[in-house]
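Peer 1: Let chain A serve as the given structure and place chain B on it in line with the hints.
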Amino acid sequence: MRACLSLEAIGEDAIGHLRLGRVRCNAAIPGSADAIIGSVAEWQRWGVWTVDDRDNPIREVYGHKDYSRANRMGSRGVTVSYMLEPGRYMVKSPVSWRKTDMYICAVTDDGRIVRERSI
Amino acid sequence: MNAQSKRMLGISVLTASEQRIAWTFDNFECICVSFSGGKDSTTMLHLVMVEAIRRNRKVGLFFLDWEAQYKITIDHVQRCFDLYANYVDPYWVTLPFRTVNAVSQFEPEWICWEHGKEALWVRDRPPMTISDEAFFPFYSYPMTFEEFVPEFGRWYGQGKSTAIMVGIRAGESLMRWRTVTNSHKHMLDGQLWTTWVGDGTYNVYPIYDWKTADIWRYAGKTGTPQNPLYNLMYKAGVPLHNQRICEPYGNEQRRGLWLFHVIEPETWGRIVARVNGANTGALYSGERGNVMGNGQITKPDNHTWESYVMLLLSSMPSATAEHYKNKIAVYLKWYRDRGYPDGIPDCFDGDTAQKALPSWRIVCKVLLKNDYWCKGLCFSPTKQKSYANYLRIMKNRRTKWGLI
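So the sequences go chain by chain: A and B. Quick note on the numbering used here: the first sequence kicks off at 1 and runs consecutively. Quick note on the numbering used here: the second sequence kicks off at 1001 and runs consecutively.
Just so you know, the hints here were simulated from the structure itself, not pulled from any lab data. The model shown is predicted, which means the values in this text are computed figures rather than measured ones. Just so you know, not all the hints are guaranteed correct.
To be verified - Each computed DSSO-like pair below joins lysine-lysine, with the alpha-carbon atoms no more than 27 Å apart: (1) K1160(B) - K65(A); (2) K1160(B) - K1058(B); (3) K1221(B) - K1211(B); (4) K1160(B) - K99(A); (5) K1160(B) - K92(A); (6) K1375(B) - K1395(B); (7) K1117(B) - K1383(B); (8) K1383(B) - K1369(B); (9) K65(A) - K1383(B); (10) K1385(B) - K65(A); (11) K65(A) - K1185(B); (12) K1327(B) - K1400(B).
To be verified - Listed next, the stretches of chain B that the computed footprint assigns to chain A, with coverage defined by at least 3 CB atoms under 8 Å from CB atoms of chain A: (13) 1023-1032; (14) 1157-1164; (15) 1195-1207.
By construction, the Cβ of each residue, glycine as well, lies at the ideal position given by its N, Cα and C atoms.
The following block holds chain A by itself, in its conformation from the complex:
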């Protein structure tokens, strides 16, 4: 059974601008944004990844963004929902503008999410 995990994507608007800026810079001078900004993934403060036996992230799980309760800017209230199959995952979840909660969790066969350890 799937488990549903919802995170608030705090600062979603800034990440959106960053992505757009990166594409434009790279289009103008290939590779320039990669050199200056780096990967967007480094800036992204939320996400869910499948992990291997040593808890190294393997693949990012796709989540649905819901803007229905977001503020006008899209900086708060944007939620990202993940439908997780049984298995182990690394979760990166912002709890405030400054703090991010990172942990390893397992989804059980009956669809429960069990937090294993913080990172």
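Peer 2: Then chain B, alone, in the frame of chain A:
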């Protein structure tokens, strides 16, 4: 499944639906059946309950009672709730909801179970139904059904993976076909018969590929209870594919108003007294032409379509006219900025008053149809709680645009 074409799977629609339902039970923690008492949702309910009973799992059973409904339908709904009482969490909702009344310009919307109109209600609230407005924390008086349903899904799931089973069929209408085959929507595991609606909630359409004949074949072969109203509709001469059960006064639904006095005369008396224009709707909704805006429409010879629109607006109650003017202003502004700087044409060759090209004739058709939310001009309903704000904003914008 290829969204562009049908592909036969080599199995019956019944087997395919059973597989979809089993998959849903495998993947979702919470399951709720959206039930209307109609033939499709009844069939889906029976199919879902077979799987629920086999797995010994409880599912939610949601029914929104529109007050103005056939007694036969309500009896059928009660029978279904009783039949599966041990395996369902019942949500028979009798809260006030605002919806369209397409048979009157004086009362373009009506509220079922409205406060202060208890004496006019078509019938009393059945016992054991949800009538307490505090029961759902997200409910506000009088929200629309469209606002309520996604919130209900979220509330019911409480953050868990939730499937709302919806008994629509792609063969019913082009919009429903699009709902299922839209490959750009968010779905689960690429299954086109699922649609993500928020958080962990998905709409699931397990009988999307059934035809009307399949529904009746299933009822006939399994002997599961169906709504006996359809037998009466058949006797009244309604073709099999036109038999529908839903709220009575909507834009499409008003065509079935005449059936009330044929099938349930005792209910008809209260249906007429309940809202303005019900009798007119029953008399003329089936007519083509200017009476209800169905099919080809005509204008007086001494008018252009634009001047005819102005004439129609001037004949409306002021609140309704203002509502339409707001919508028309946005429509005109949209096309002024997109290729029609001198205004939209009055009509054009081959104009069938469809949405593809703008014209005053289309606007006229919307007014004649009492299309209150102007779906014919590609608008969607304004949220109820934002409507007062919308009016204020539109007043300023219309002054600025100077269009209508």
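Peer 1: I'd like to know which numbered hints this structure contradicts. Please list them from smallest to largest.
Peer 2: Failing hints: none at all.
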